[in-house]
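Each chain is listed here by its residues.
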Amino acid sequence: MSEQQTTAAADALLRVEHLTMRFGGLLAVDDLCFDVAAGSITALIGPNGAGKTTVFNCITGFYKPSRGRLALRHGDAAVWNTLEALTDSGARSAASHGGALYLLERMPDYLVAQQARVARTFQNIRLFPGMTVLENLLVAQHNPLMLASGYTLLGVLGFPSYRQAEREAIDRARNWLDRIGLLSRADDAAGDLPYGAQRRLEIARAMCTDPVLLCLDEPAAGLNPRESAELNELLLTIRNEFGISLLLIEHDMSVVMEISDEIAVLDYGVKIATGKPAAVRNDPKVIAAYLGVAEEQVEAAEAEAGL
Amino acid sequence: MAILANSLAENPRNDKPAIKRRPTGLGAALQDAAITAMLAFGLFLPLIGFETVTDIHNDLILRTRWPLLLAVVGAVGSGRLAYALLLAPRLHARAGRPIAAAPPAWQAAVGRWFVPFAIGFVVIYPALAVSIAGKGGSVKWIDNFGIQILIYVMLGWGLNIVVGLAGLLDLGYVAFYAVGAYAYALLAKTFGLAFWILLPVAGILASFWGILLGFPVLRLRGDYLAIVTLAFGEIIRLVLINWVALTNGYAGITGIPRPTFFGIPFNADDDGFAAVFGLPFTPLYRVIFLYYIILALALLTAFVTVRLRRLPVGRAWEALREDEIACRSLGINTTNTKLTAFAMGAMFAGFAGCFFATRQGFISPESFTFMESATILSIVVLGGMGSQIGVAIAAVVMIGGTEISRNLDFLKHVFGPTFDPTQYRMLVFGFAMVVIMVWRPRGLISSREPSVFLKERKTIGADMVKEGRG
Chain A
1 MSEQQTTAAA DALLRVEHLT MRFGGLLAVD DLCFDVAAGS ITALIGPNGA
51 GKTTVFNCIT GFYKPSRGRL ALRHGDAAVW NTLEALTDSG ARSAASHGGA
101 LYLLERMPDY LVAQQARVAR TFQNIRLFPG MTVLENLLVA QHNPLMLASG
151 YTLLGVLGFP SYRQAEREAI DRARNWLDRI GLLSRADDAA GDLPYGAQRR
201 LEIARAMCTD PVLLCLDEPA AGLNPRESAE LNELLLTIRN EFGISLLLIE
251 HDMSVVMEIS DEIAVLDYGV KIATGKPAAV RNDPKVIAAY LGVAEEQVEA
301 AEAEAGL
Chain B
1 MAILANSLAE NPRNDKPAIK RRPTGLGAAL QDAAITAMLA FGLFLPLIGF
51 ETVTDIHNDL ILRTRWPLLL AVVGAVGSGR LAYALLLAPR LHARAGRPIA
101 AAPPAWQAAV GRWFVPFAIG FVVIYPALAV SIAGKGGSVK WIDNFGIQIL
151 IYVMLGWGLN IVVGLAGLLD LGYVAFYAVG AYAYALLAKT FGLAFWILLP
201 VAGILASFWG ILLGFPVLRL RGDYLAIVTL AFGEIIRLVL INWVALTNGY
251 AGITGIPRPT FFGIPFNADD DGFAAVFGLP FTPLYRVIFL YYIILALALL
301 TAFVTVRLRR LPVGRAWEAL REDEIACRSL GINTTNTKLT AFAMGAMFAG
351 FAGCFFATRQ GFISPESFTF MESATILSIV VLGGMGSQIG VAIAAVVMIG
401 GTEISRNLDF LKHVFGPTFD PTQYRMLVFG FAMVVIMVWR PRGLISSREP
451 SVFLKERKTI GADMVKEGRG
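Those protein sequence lines, which keep their order, are chains A and B.
Oh and the first sequence: position 36 is 36 in the working numbering, straight run, nothing missing.
Oh and the second sequence: position 54 is 54 in the working numbering, straight run, nothing missing.
There could be a bad hint or two in this list.
[As the list claims (entries may be wrong)] Pair ranges (Cβ atoms, derived):
#1 L218(B) to Q123(A): 54 to 64 angstroms
#2 F289(B) to Y151(A): 30 to 40 angstroms
#3 I264(B) to Y151(A): 53 to 63 angstroms
#4 F289(B) to L153(A): 29 to 39 angstroms
#5 P46(B) to G49(A): 52 to 62 angstroms
#6 L153(A) to F117(B): 24 to 34 angstroms
#7 G49(A) to V110(B): 46 to 56 angstroms
[Said to hold, decoys possible] Residues of chain B clear of chain A, computed beta-carbon distances all greater than 10 angstroms:
#8 L39
#9 F114
#10 N242
#11 L308
#12 V313
#13 A319
#14 D323
#15 L330
#16 I332
#17 T334
#18 S367
#19 R425
#20 F431
Just so you know, these hints were derived from the structure itself, not from any lab.
All figures in this text were calculated on a predicted structure; none of them were measured in a lab.
Backbone N, C-alpha and C define an ideal beta-carbon position, used for all residues, glycine too.
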């Protein structure tokens, strides 16, 4: 890590450095570097099989990368100065300067969510279908509630401190249900909800874990244009109102181009472009990767898609 | 066996197109019945058609039983005919209707009153038994029915935590029951400690073994988990058999201290319970005392489970059953969550084992065979995984049914003096299980009550709730 890069990415929340993921003979992600700036919406796009979900699984701890560093900061940007010291120390995380640094590649999946506060959604929705909408949001607040219930002991004995904590958790859930327009369905089974509502609920559930970074894997997949527009609004609210950074994988260009600040394009596990939406859209390498056809046809297709 | 397996595999395939074509015609029904009768003939020819008997020279000779074979095959064939003509059209009509997601309103009303009524009934049950059957006759009713059923209710509720809530299939649950029983027997005999001190000790030891089993099986799911837990149950039993120096092997442990009423033993001595309270001696007092102990333990199990379901740990168990990967993405430590489920379930089995040892006064590895695990698991599955009421009902039916079958002496007048109804127990169970699986594949009470609600408590239909893969 050179000194120059460190200063250039001072406002970064997440740094992905030389991320490599190998499955046997298959190189799924090859030496990928990109940053997610604090308070930004960063999109990760690319054709099917480009390795986008693999990157997500590495960031959220579901895969252990073959090589590379995934560093996340909490609090003040000055903590980046301790990155090398933390890496050499062999520890998972270190707190200093009113902030903390986490090396995600060293943490198991549940700690990435619990301590580094990275929340995620899944490409194929993974709700708890047999539990109610409200219960889904309470499971997301498991760790603070577990603490409030004295690791179950005080809760079984019926201490009032737990009941207070549960009321607060329900209020938080109610607030999110109101935002995503599902308050009237709070007591229905999550599996009973229509597809679009399940997608929104999954985002709300991830938000209930109180994250600093929210990773969304194709949040607009299967949504109609109106739902897609609502999703854009919801994501902008999450960013603007809560100051949470978003990293999203998306195929729906109306979502990507409209709301993202920064785009990284992946093809066969290699980053082929990065930059602002306008720049990426006109990058010939990106167009070739996506369409692999002549320029005129691309323009025709773009015109059709309203870009 | 091969024929049986084939017939089981073939039947659904034969049924489905038949139902779709709606065989309302007599011809189709007759054809169907003939095929079934032929199948039955092939199956029962070796099983019922032939019989070996020893003659007066002590030689084994083969005898045929054609009338009996004919009667059985005829019964199967005519049963199938009746099904095809009468029941199948009705079932077909019902299959067309959409399945109601929530149970009807009367079920909710019954549900509301059922629990207080049932608790009231079990509390006054000994008094009822004494007043109806008298002092001598009621011992059988309280001991064989009341205590025996309550032990299995408690074991069912304990296993329900592991299987029903956390969705972890455990085929070796009886191991923890054995740990509890042997813990009490050995510690009480060696150190002379009292039942109430050893009860928590037995629970702690059992949950320790639950965690010990939990560690190696954390990564396993489904069939693999079932096999390893099954093996664990067998290991514990084999250790109990072979570690003769500690457990006395097959001979078991005798003379296990019986429970005392605040230090007063239930015996015929001058300082016994009856003498101290100026009552005539009868074994009834001890039985009633034991009944209330196991009732309290079972109610404790139910109370704790209900509480746990509303706590984060209980919700995490159910979330684990629904989707483990989603759990981990929400920061839930699934390792700890699984281990607490194993430990909790094992603890209640340990309590039950401790009680079992003090009630019997004698334990041996024979009491902790795989059959017991299978019985407890079938209670949970038949009752409806995750449902406390369903499990209790299933325990009453299964264990009560076993006990009743011991008391059906009048059947000897019908089937002859050598007829022993208890030998047909497994046949009846198997039949009951098939009926339940056809009628309610998710158990008696398969819907799920949410642990928390915002406006109204809506029961969740069985089709939504997952069974868990682990």
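*List, from low to high, the hint numbers that the structure doesn't satisfy.*
Violated hints (numbers, rising): 1, 3, 11, 12, 13, 14, 15, 16 and 17; every other hint is consistent with the structure.
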